[in-house]
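Undergrad: Single-letter residue listing:
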Amino acid sequence: MGLVAFFVIAVVALLGALGLVLSRNSVHSALFLVANLFCVALLYLSLNADFLAVVQVIVYAGAIMVLFLFVITLLNPSHEEAPNQLAGQGWIAGILAVALLLEVGGVILSGVFSVIKSPAVPPVVDWGDNVHAVGTLLYTQFLFPFEVTSILLLVALVGATVLAKRRL
Amino acid sequence: MLAPLPHYLILSALLFTIGVFGFLYRKNPLIMFMSIELMLNAANLTFVSFARYLGSLNGQVIVFFVMTIAAAEVVVGLGIIVSIFRARADIDVDDVHLLKD
Amino acid sequence: MVSNVWLVLLFPLVGFLWCVFFGRLWPRLSGWIAVLMVGLSFVSAVSVLVGVLALPANDRLRVGELYPWISSGAVSIPLNIFVDPLASVMIVVVTGVAFLIHVYATGYMSGDPGYGRFFAYMNLFVFSMLLLVLAGNFLLLMVGWAGVGLCSYLLIAFWFEKPEAAAAGVKAFVVNAIGDAGLILAASLILITFKSLDYVTVFRVAKTTVTLGSGEITAITLLLLVAAVAKSAQLPLYVWLPDAMAGPTPVSALIHAATMVTAGVYLIARASPLFTLAPFTMTVIAWIGAITALFAATIGLVKPNIKRVLAYSTVSQLGYMFLAVGVSAFGAGIFHLMTHAFFKALLFLGAGAVIHALDGEEDMRNMGGLRTRMPLTYVTFLIAALAISGFPLLSGFYSKDEIISLAFTSPRGSVILGVIALFTAGLTAVYIFRVVFVTFHGKSRVSHHLSEHLHEPGMAMALPLVILAVLAAIGGYVQFPGEGFVDFLQPSFSTFGVTPAVEQGLNVGLAAASIVLSVGGILIAYLIWGQSLVTAENLGKMFAPIRTVLLNDYGIDALYSMTIVALARGLGRLFADIFDGLILNGIIDSLAGLVSGLSVVIAKLETGYVRSYAVAVLAGAILIVAFMARGGL
Numbered sequence: 001m002g003l004v005a006f007f008v009i010a011v012v013a014l015l016g017a018l019g020l021v022l023s024r025n026s027v028h029s030a031l032f033l034v035a036n037l038f039c040v041a042l043l044y045l046s047l048n049a050d051f052l053a054v055v056q057v058i059v060y061a062g063a064i065m066v067l068f069l070f071v072i073t074l075l076n077p078s079h080e081e082a083p084n085q086l087a088g089q090g091w092i093a094g095i096l097a098v099a100l101l102l103e104v105g106g107v108i109l110s111g112v113f114s115v116i117k118s119p120a121v122p123p124v125v126d127w128g129d130n131v132h133a134v135g136t137l138l139y140t141q142f143l144f145p146f147e148v149t150s151i152l153l154l155v156a157l158v159g160a161t162v163l164a165k166r167r168l
Numbered sequence: 169m170l171a172p173l174p175h176y177l178i179l180s181a182l183l184f185t186i187g188v189f190g191f192l193y194r195k196n197p198l199i200m201f202m203s204i205e206l207m208l209n210a211a212n213l214t215f216v217s218f219a220r221y222l223g224s225l226n227g228q229v230i231v232f233f234v235m236t237i238a239a240a241e242v243v244v245g246l247g248i249i250v251s252i253f254r255a256r257a258d259i260d261v262d263d264v265h266l267l268k269d
Numbered sequence: 270m271v272s273n274v275w276l277v278l279l280f281p282l283v284g285f286l287w288c289v290f291f292g293r294l295w296p297r298l299s300g301w302i303a304v305l306m307v308g309l310s311f312v313s314a315v316s317v318l319v320g321v322l323a324l325p326a327n328d329r330l331r332v333g334e335l336y337p338w339i340s341s342g343a344v345s346i347p348l349n350i351f352v353d354p355l356a357s358v359m360i361v362v363v364t365g366v367a368f369l370i371h372v373y374a375t376g377y378m379s380g381d382p383g384y385g386r387f388f389a390y391m392n393l394f395v396f397s398m399l400l401l402v403l404a405g406n407f408l409l410l411m412v413g414w415a416g417v418g419l420c421s422y423l424l425i426a427f428w429f430e431k432p433e434a435a436a437a438g439v440k441a442f443v444v445n446a447i448g449d450a451g452l453i454l455a456a457s458l459i460l461i462t463f464k465s466l467d468y469v470t471v472f473r474v475a476k477t478t479v480t481l482g483s484g485e486i487t488a489i490t491l492l493l494l495v496a497a498v499a500k501s502a503q504l505p506l507y508v509w510l511p512d513a514m515a516g517p518t519p520v521s522a523l524i525h526a527a528t529m530v531t532a533g534v535y536l537i538a539r540a541s542p543l544f545t546l547a548p549f550t551m552t553v554i555a556w557i558g559a560i561t562a563l564f565a566a567t568i569g570l571v572k573p574n575i576k577r578v579l580a581y582s583t584v585s586q587l588g589y590m591f592l593a594v595g596v597s598a599f600g601a602g603i604f605h606l607m608t609h610a611f612f613k614a615l616l617f618l619g620a621g622a623v624i625h626a627l628d629g630e631e632d633m634r635n636m637g638g639l640r641t642r643m644p645l646t647y648v649t650f651l652i653a654a655l656a657i658s659g660f661p662l663l664s665g666f667y668s669k670d671e672i673i674s675l676a677f678t679s680p681r682g683s684v685i686l687g688v689i690a691l692f693t694a695g696l697t698a699v700y701i702f703r704v705v706f707v708t709f710h711g712k713s714r715v716s717h718h719l720s721e722h723l724h725e726p727g728m729a730m731a732l733p734l735v736i737l738a739v740l741a742a743i744g745g746y747v748q749f750p751g752e753g754f755v756d757f758l759q760p761s762f763s764t765f766g767v768t769p770a771v772e773q774g775l776n777v778g779l780a781a782a783s784i785v786l787s788v789g790g791i792l793i794a795y796l797i798w799g800q801s802l803v804t805a806e807n808l809g810k811m812f813a814p815i816r817t818v819l820l821n822d823y824g825i826d827a828l829y830s831m832t833i834v835a836l837a838r839g840l841g842r843l844f845a846d847i848f849d850g851l852i853l854n855g856i857i858d859s860l861a862g863l864v865s866g867l868s869v870v871i872a873k874l875e876t877g878y879v880r881s882y883a884v885a886v887l888a889g890a891i892l893i894v895a896f897m898a899r900g901g902l
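Residue numbers (the numbering used here), protein chains in the order written: chain A, 1 to 168; chain B, 169 to 269; chain C, 270 to 902.
A portion of the hints provided could be inaccurate.
[Stated by the list, open to error] Result set (EDC-like, lysine to aspartate or glutamate): computed pairs, CA atoms no more than 20 Å apart in a straight line:
1. C:Lys431 / C:Glu631
2. C:Lys873 / B:Asp262
3. C:Lys712 / C:Glu806
4. C:Lys431 / C:Glu630
5. C:Lys873 / B:Asp263
6. A:Lys165 / B:Asp262
FYI, nobody ran anything at the bench for these hints, they're computed from the structure.
For reference, chain A alone in the conformation it holds in the complex (with noise of 0.2 Å):
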């Protein structure tokens, strides 16, 4: 039973991954994209993981995405995109993509890493209050990397700002 959700879920984020990379429409693109970001979130909430699904729906489907709308509106997508010009630029994207995905999925399958072969049953986890748990190891152990991101994102804050600006 939880396998075929998990399946349908799984399907359901890739038809969206697919559609973001194939569609002609940008705006397709984005919702498609959003759409891949939702399942994406519930597969966060099989495992165990809360808070992050939560935050993923809020920050980036609902404020990341809300952005990318925007741009993609202002910058006036609606012609179509010219034929590839670059060389060979698709044949060798399919190649390579296909490679790496040989490749990763060799090494997954490959049992090399005995932690993903041996867990038959999932280990039982009891984190009790995920948002509680994921605080407390923000505010405790990993203090300083939280505090280097906040800096972050005033960087980010000044450079966007700037650079929205018509003249310096």
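Given the coordinates of chain A, assemble chains B and C onto it according to the supplied hints.
TA: Leaving out everything else, chains B and C in the frame of chain A:
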């Protein structure tokens, strides 16, 4: 609905690959950027899966940071794209090749 | 005091160094310092000679070591000195004549912009020549040999702005290089055969190490002969000496009459223990000497340039010395070397006085009647001419007579050699008195404005002329009566088992014959050139073809030019144009082209397109993952 770990990893790999392909194949910078987001997402999924199966919350904390950074990156990246392509008629990444030898 | 021998070498070296640093700053002073240094060297040389004389007759060899120069395995070549009667006599002659010529040169070269440089070279030459004479081993000999060769080049081409001087300098150097090659090969063979280059060691074991007339010793001595022939301007390597007259006259006097050219004779005398073991080589030496003497004497009959005639005369007289040593008459050869140094230097200095007085004129056809205007020069020149003709009682008579006599009587001599020597003596008288009569007698053919310029040389030039005239006159009496000189030299040879041929008493018949020839020659010269040149011109027309042949050196220069020079030029062209131009340049150019081409190809990677770069990044990432996975697998 917890699936075995390999399932999550394969899914993640597929999503990543699609993102890679999208980045290389498309000429629209916005689509390319969204492909990058897709790749990041795939990586996040891997992190969370391992966090679950290794019983450590560190993976989730990492994902937290990745999301934050992704947000910052999107902001700045889109700002750049807007400044470059603001004045142009159609947006094509191949038009920006002034560094050509 | 034999230990003064180091001073003999030191003084000219100091003189050279002084002139190098201060010659341009204070030319006149440097000139006098150079003269002084050679003078001091002469004094030291005399003291060495006195010291050697004071030693008991059978113990007159002294060897001294300055510095253990090379010491490698079994071979040890120190910087050492070898003093014996032969060496002591040579250094006295060299320094003495050099001193007189240096004094002369202060007058002759005054006003020349290269005055300081001249004396630097002259002192360096004296040093090198002394090193050559005093060396105690073959390697040090080579150092001196090369040194005199270098100085010869520098001094011949002293007025290097004159193309003929520069060319003559190069010619001298190149021809001497052939001799140098022979010397190096000989030294190598000596080292291989005798395991040492030291004179004492080699000479002592010579008789026991090689058999008489064996291939090795013949090879060694023939190679040494090549060196001697080149340096002493014998056939076939004499060609550089006539051209060397392009240098200043003091140079011609010192280097190409009295000292450097005698180095070949000295070498043969010094290495006599080796040469006497190679009878074939000795025969070759004697014949080269005789034929060269005759050959050069005939050419001297027709050349119009006064210095050239003297050059050919030098070649001829050196032939006599070669003849002497070739018939094992080493002492006689050195005796003639000494007397020749006196009268030949005097002849050159006298010619120099004439040239100086005539503001550079060297063609005898533009001279004549100078004896009234330059009496001192005339008298000294005449004395020298009489000496070289073998006029009785003068030095040349004794030395030349000794050689002619031994050519007949020595166990290695032969009648033919003797006859050639005798005949050439007659020719000598003819050609030298041709010079005397044409230059100093008869009507003056000097151009009008030059004849006002005519003057006797100043004191600096005149004094050496007088001193040399005295020496040319009485120099023979160190030998006569008896065998004083040759006896003195005897130990130099007998110490190592060499028995030189010595004259047994005075051969009256031969002496008479040579007197007749010498006087007869003077008379013939007087008849042809004594009064006016008309007879000479008529004779010239009658024998025009022979005259042309003689004027062109029997065609030898032309022969060399067509064969060897052309060959060398061709080789040079081959290397310069093809090897260097095409091949080497081609290699370098293609390497450069390769790099250039590669860079063009590689530059194509920078397309400027983001997506191409992305492809590259991805490809790299895939490789890295594969690598890491492989490691895990």
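Undergrad: Please go over all the hints and tell whether each is borne out by the structure.
TA: Hints and how they fare:
| no. | hint | in the structure |
| --- | --- | --- |
| 1 | C:Lys431 / C:Glu631 | holds, 16 Å |
| 2 | C:Lys873 / B:Asp262 | holds, 16 Å |
| 3 | C:Lys712 / C:Glu806 | holds, 15 Å |
| 4 | C:Lys431 / C:Glu630 | holds, 15 Å |
| 5 | C:Lys873 / B:Asp263 | holds, 18 Å |
| 6 | A:Lys165 / B:Asp262 | violated, 25 Å |
Checked against the numbered hints given earlier, this structure breaks only hint 6.
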